[in-house]
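Chains as they are written, first to last, in the numbering used here: chain A, 1 to 244; chain B, 1 to 976; chain C, 1 to 312.
In case anyone wonders, no lab produced these hints; they're calculated from the structure.
Predicted model, so just to flag it, every value in this text is computed and none were measured.
Think of the CB as a built atom: it goes at the ideal place given N, C-alpha and C, for glycine as much as any other residue.
Nothing false has been slipped in among the hints.
Beyond 12 Å from chain B on every Cβ pair, some chain C residues (computed):
{"#": "1", "residue": "ALA35"}
{"#": "2", "residue": "ASP36"}
{"#": "3", "residue": "VAL42"}
{"#": "4", "residue": "MET131"}
{"#": "5", "residue": "LEU193"}
{"#": "6", "residue": "ALA241"}
{"#": "7", "residue": "HIS244"}
{"#": "8", "residue": "VAL266"}
{"#": "9", "residue": "PRO273"}
{"#": "10", "residue": "ILE284"}
{"#": "11", "residue": "ALA288"}
Once the Cα atoms are required to be at most 25 Å apart in a straight line, the calculated DSS-like pairs of lysine-lysine come out as:
{"#": "12", "chain 1": "A", "residue 1": "LYS202", "chain 2": "C", "residue 2": "LYS137"}
{"#": "13", "chain 1": "A", "residue 1": "LYS229", "chain 2": "B", "residue 2": "LYS266"}
{"#": "14", "chain 1": "A", "residue 1": "LYS219", "chain 2": "B", "residue 2": "LYS220"}
{"#": "15", "chain 1": "B", "residue 1": "LYS971", "chain 2": "B", "residue 2": "LYS62"}
{"#": "16", "chain 1": "B", "residue 1": "LYS971", "chain 2": "A", "residue 2": "LYS113"}
{"#": "17", "chain 1": "B", "residue 1": "LYS883", "chain 2": "C", "residue 2": "LYS234"}
{"#": "18", "chain 1": "B", "residue 1": "LYS157", "chain 2": "B", "residue 2": "LYS460"}
{"#": "19", "chain 1": "B", "residue 1": "LYS857", "chain 2": "C", "residue 2": "LYS234"}
{"#": "20", "chain 1": "C", "residue 1": "LYS234", "chain 2": "C", "residue 2": "LYS247"}
{"#": "21", "chain 1": "B", "residue 1": "LYS227", "chain 2": "A", "residue 2": "LYS219"}
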Amino acid sequence: MTCLPARTEKKLGLVIDLDTCVGCQACVTACKEWNTGGHMAPLTDIDPYGGHVDGVWFNRVHTYEHMTELGGRTVNFPRSCLHCETPACVTVCPTGASYKRASDGIVLVDEDKCIGCKLCSWACPYGAREFDTDVGVMKKCTLCVDRIYNDNLAEEDRVPACVAACPTSARHFGDLGDPASAISQLVEERGGVALMPELGYKPTNRYLPPRARSQRAAKVDAPALEPIKVEGGFLGWIDRMLSN
Amino acid sequence: MSKAAPRGANSAPSQRPLADSRAPDEGDGVETSPSVSDRIAKTTCYMCACRCGIDVHIKDGKVRYINGNKDHPVNRGVICGKGSSGIMQHYSPARLKKPLLRTGPRGSGEFREIEWDEALTIATERLSAIRRTDPKKLAFFTGRDQSQSLTGWWASKFGTPNFAAHGGFCSVNMAAGGLYTIGGSFWEFGEPDWDNTRYFMLFGVAEDHDSNPIKIGLGKLKARGAKVVSINPCRTGYNAIADDWIGIRPGTDGLFVLALVHELLKAGRIDLDYLLRYTNAPVLVVQAPGAADDGLFVRDVDGHPLAWDRLAKTPVNAADPEAKPALTGSYEIGGRRCVPVFQLIAERYLDETYAPDAVAERCGVAAETIRRIAAELAHVAFEQTIELPIAWTDWAGRRHETIKGRPVSMHAMRGISAHSNGFHTCRAIHLLQVLLGTVDVPGGFRFKPPYPRPAPPGPKPCGKNVRPMTPLDGMPLGFVCGPDDLLVDEDGRPARIDKAYSWEAPLAAHGLMHSVIRNAWAGDPYPIDTLMMYMSNMAWNSSMNTVETIAMLTDKDGAGAYKIPFIIYSDAYYSETVAFADLVLPDTTYLERHDCISLLDRPISHADGPGDAIRHPVVQPDRDVRPFQSVLIELGARLGLPCFVEEDGSAKYRDYADYIVNHERTPGLGPLAGWRGKDGGSIGRGDVNPDQLQRYIDNGGFWHQDFSDDQRYYKMGNRAYLDFAVEMGFIPKAEPIVFQLYSEPIQRFRLAARGHGTVQPPDAERNRIETYMDPLPFWYAPVEEDAVDLERYPLHALTQRPMHMYHSWGSQNAWLRQITSQNRLFVHADTATTLGLADDDWVWIESLNGRVKGQIKLIDGVNPDTVWTWNAIGKRRGSWGLKDDAAESNRGFLLNHIIGDQTSADANGKRYSNSDPITGQAAWFDVRVRIAKCAAEEAGFTEPQFERFARPPHFEPSPDVLRFGAAFRMKREAAE
Amino acid sequence: MHPAFSVVFFTTATGAGYGLLALLGLLGGLGFIPADFWLGLVGMALAFGLIVAGLLSSTGHLGRPERAWRAFSQWRSAWLSREGVASVVTFIPACIFGIGWVFLGKSGGWVAVAGLLAAAGAVTTVCTTGMIYASLKPIAQWHSRYTLPAYLIFAGMTGSVLTNALLQAFKQGSTAMLIGTLLATLAGWGWKLTTWRYNDRLEIPTTANTATGLAGGTVRSIEWPHTEENYLLKEMGFRIARKHSAKLRRITQAMAFAAPSVLLAVTFALPWPFAAIVSVAAAISQLAGILVERWLFFAEAKHTVMLYYGRE
Ligand SMILES: Nc1nc2c(c(=O)[nH]1)N[C@H]1C(S)=C(S)[C@@H](COP(=O)(O)OP(=O)(O)OC[C@H]3O[C@@H](n4cnc5c(=O)[nH]c(N)nc54)[C@H](O)[C@@H]3O)O[C@H]1N2
Ligand SMILES: Nc1nc2c(c(=O)[nH]1)N[C@H]1C(S)=C(S)[C@@H](COP(=O)(O)OP(=O)(O)OC[C@H]3O[C@@H](n4cnc5c(=O)[nH]c(N)nc54)[C@H](O)[C@@H]3O)O[C@H]1N2
Ligand code: SF4
Ligand code: SF4
Ligand code: SF4
Ligand code: SF4
Ligand code: SF4
Ligand SMILES: [Mo]
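Just chain A, same shape as in the assembly (with noise of 0.2 Å):
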């Protein structure tokens, strides 16, 4: 059913770092490695090894030049599914494929329905969907359903690929409904944003953004140093030292 539940009981999502974030690109490489066999299996490459090359991914990293008068910084920024509380993707939807669930918020799509009509793509302000033009259905990031909840697998290693992979730290993952929990508090403290919030889905997923040349930035106040005043100058002062 596409029409968006009230509420979810569990608002899930990611929260991920712009000021950790090197751009390495394992969180995207851990995605696709995890959800080509997963839940959405295959994620398709076409020409994969040819000058047209082609995949499905869920999660893509760019690289932006941020320019402000304080200067120039550059950002690697992951982009993946935000879950929105209130996503067209989902009510744009004719067939029921695309749904938000009740219980914790994931937006996923049902393969089974789905007859690539591609509308939910076009109503994605963030073009987190992918077309499988091989299956003919529309593909996006499942937040790891199969790997949150999955008893198969060490109740340790029950958050999604990207977050376990990420060797700086800068993923995080949570239910942001819950003022309480250590992502919502996370977000709180380092002034996390949402991404176009004008155009009112209400993403989940949070950024933190950049620290450097912010009230946030880590700095070092240290006084300037001065030249040794002894007589003898440094190889005197040296001396002095020395014999106290």
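Chains B and C with the ligands: place on chain A using the hints.
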């Protein structure tokens, strides 16, 4: 629900599973608990040299999924972009299938498949002929592999000095710079104290071997809000997240660092106590210009370096813990003037030539910035000191109640080493660290065992007297302490094909693999018969001057015979180099073989304890391929090399696995340190343990020993550590390791240049030796810059490692190549404007050495005088299982085409290898270029273009669609 | 947005089809157009033909056409479903009307009711089609108050130009119909011009800054996540050069509005069969022009995802 304490790197509260991870009953029929794997095999990744622990999930006999091993000391559960793509490497269409014998001309890629026995017979006959006549006519060079203790051992038993691994073109400047100074080094042999450092300086690093550890570490710094300062012409990756980015001009870090030293000295912000305890700062240096011992240490009868006791006013053994050595002054001993090393340091670096204002313009870094960084360093080092409440005892038996630390740490890699002034720049950085007292202290830079070792470490290179059927009297590679240790003949001519340890590269501790092809082709210093290579793409991205290199590989003499008579190569994939081999020995993938990551080689230790690891076959090869190490061992047996055969001539080792367990380098010391002894009870030293490998497998493929708290720091002078190091066989004696700020071995070469000593440089070399063999770090313009017309070639051209690609291998990977299959040339927007270039233009990138065509992308985050591109993306058509229209061979380009492999001719008309004159480190980043928009009809495709390689026998055209994973799902859903 | 022919043709054909159906239902049902077997048959066949052809072509755009039937299920939330339902429901009164008007030669009474219902259904269906596009927030050029009226106006316009051609062909042409058609065409022209002006001046609050959450200054893409074109770029990254679109806008105006207006005006003065020929020409020209207009409707529409790729 009860929870075990979270393991692994990503275990912050905001990265853990849901408090209740039971599936809610959504009723949407989603299978939330599909079975993931039938079994999990724990082994060591080899998508790069970082050697992380991986859990390989096997489902229906195929690799379903690979993730990081949470218990592994290297990656603690995380995995990088390459590691997660291992599946696509393992199932790559470019995998070799069977031994190949060349049928067409070299470089055509025309082969016929042969059986292994024929392949081994061909190799054996060729090699035994060489060994019977002149063993040095075999040149054996290896690349990315991590079995150098085996390959080096094999070469030495064969009797050829012509062995080296890839270190010479990689980062020997960092290794040598460190080992000759502090007895340890950057690279992967040391690491910042990620948990305690408050100020981290990163010099010239895009990725490095410690791929995941550095990322994990940066994550920790960011979480703690510690300051990260990046010194790098390019603002990408690690450097993008720095709090402070210093876009320095390439090749000028030496100046920048010595200016920091100047500022710190001038302000007296240095750690005198540390200098006295752990360095040769107080050691007296003879000041007798013209004398044979000028600039050498003053020593007592037993050869101990002397210092001057301030109180006793007498010379004392500098190592005497009771001494009160002077750091300054000038003293008369036995009628000869001498001064402490520190006096020389002060005199040199206090000089105004090292003042920030003097270097600012050349470095492209504002003087204020240099002063600010110096002030910040001093502030953190001396005002934010940390003290761990742990008692420890130093080498002299002095007990310390706490461990004091200065939380400033540094890391540097190829941005420093890949310049021809890299050795001295690397030494300058170590000097800075030591003056601040931050080496192996809490919050500082820390050694990873088996380091530190005496600076420089013990063994000398062997290979002076090569005789038929005779092993070398040691290992081919080692550390020279003066001209007497060089591998040269009486006329000063190099004894090695790569000219390592000759006057052209005296401290070439890793050899010069990048000069082998040219020298072998030119027969300089002598012709060879067979070039055997392993795991290095020398016909492409690991050679400079690719176009000419290819010509040399295929060049014939008057008689129509190849100038390099025979080439044997082991690769696992259809790389560019395979096509140039006469005999190809196909290797397995990293999931199909045994490997050994050994303390004798490049271990997985971290600063808190030694470790080593193995690979073991987690899936069986579906092709007629064999692990090269096993092949090498069988060749050794067929050749009857000592230590590879029993008395009765039968093979000593069944295969590599057998060697790993049963080989002993010296009694009790073998490739693996864990679970030694009959019962597996001992570490480091111990008898052979028949089920050692099983113990490793049971432990997840690795062994790691955590230090006791009092062993963790000050390892250069920490008794508890030094004793342990002796037990483990890391160092011969439990003596302190003294940092050599002033390097006596280097001074000895200078003296030779001045005519002293028996081993003398050819006159043509004296000048070069005199200039570069400076016992104290100094800065000189990269060699190339003196040669080229900087007006004509105003720009520096660099490459960077893409974090998701490993050199040339990534392009055969269906997933990784989607991220980057065309590399752009990144140009500063302002530079582009002045050159009349626009985004996406196609340009000619031209150097002294030729030109290559590529497409530009304008950016802001780069030094304006610098252009750069991603390394090794460009490929040759026909290789790597790629289709002819692949971007890699049509739009991607290889910068190597325009990087000269030789310097321009000097005054004597001599051309040297394009390398650091001291270590022979390949100077990849010295190249100067100009860029100009290409003609309209030239746009859209790269040049130079090369002839397409033929497809080897039984190679299917690569698939048009890849549905990897569909099978798992079908099986899964059928089961439901 | 990628102007897929299947969709361009679908919206154009169904628009004209429903427009024609509505007018026949209305005018025929109320007896303004006298029941005439051949006129009726040709007219209804044309309307049904355009609608069915359009709907079929729209399924050509699907990845899984065999599952097209599922598209009716979500009428409570999805305009595409509503369109499906509306289009099918409309067939019922349309068929009843057709039988009564064409085969029984009746008008008024239950035929009128059926005709009015068919007309209402047609209008509803066109609205739902318009709303599919008007409701898409990521595409500012579509998500505007101009889109829905445009669909209605163009349906009415193309419907009337067809009706007029039909009447003229059967010697039933009326000045009233001519005037109506002419006015519709001028209205369409006006609406298109204002829409274009609106779109050209459009200031979209959504920028690379809000897309990335990087506040202030400029955000410039320096590397894509992939070096070759992917689904997003192919589907939503369609680019059309300013010059090219200006040319196509001129062609649209000439063929969809200018030419038909002139031809219709001339028709006033012409006797049959010339009036008929010219009217048919007007219809053909306008339908062709609207195909171009619809192509531009997609080609000129920009999707927010391209902000991530820095592709204008
Ligand atoms: N993903 C991945 N990881 C790898 C590899 C790989 O191919 N891919 N290769 C492995 C190997 S073999 C090696 S040797 C290591 C090398 O690891 P790195 O040392 O990171 O090697 P590069 O990628 O060459 O990065 C060199 C850096 O130095 C900068 N640089 C260049 N010149 C200067 C200079 O004069 N001063 C300063 N301050 N910076 C400069 C460049 O901009 C670049 O950022 O990486 C290892 N790890
Ligand atoms: N312009 C430029 N050039 C550079 C550098 C640079 O920064 N800039 N970096 C230099 C440095 S530091 C290095 S270390 C070199 C690295 O350059 P190389 O040492 O050539 O490394 P790779 O390109 O990885 O090539 C290794 C070869 O090993 C093969 N191989 C992969 N796996 C296996 C296996 O399991 N078994 C066997 N037998 N073979 C295998 C691959 O197919 C490939 O042919 O490049 C150097 N070249
Ligand atoms: S990000 Fe896109 S796909 Fe995901 S929920 Fe929001 S709108 Fe839907
Ligand atoms: S493509 Fe599939 S999921 Fe998306 S809207 Fe159409 S039917 Fe629904
Ligand atoms: S949550 Fe899972 S599916 Fe979504 S991006 Fe991360 S790894 Fe991919
Ligand atoms: S894995 Fe982490 S650091 Fe790497 S790109 Fe993804 S978010 Fe960024
Ligand atoms: S860093 Fe290297 S070894 Fe570690 S996971 Fe990545 S590729 Fe494998
Ligand atoms: Mo390297």
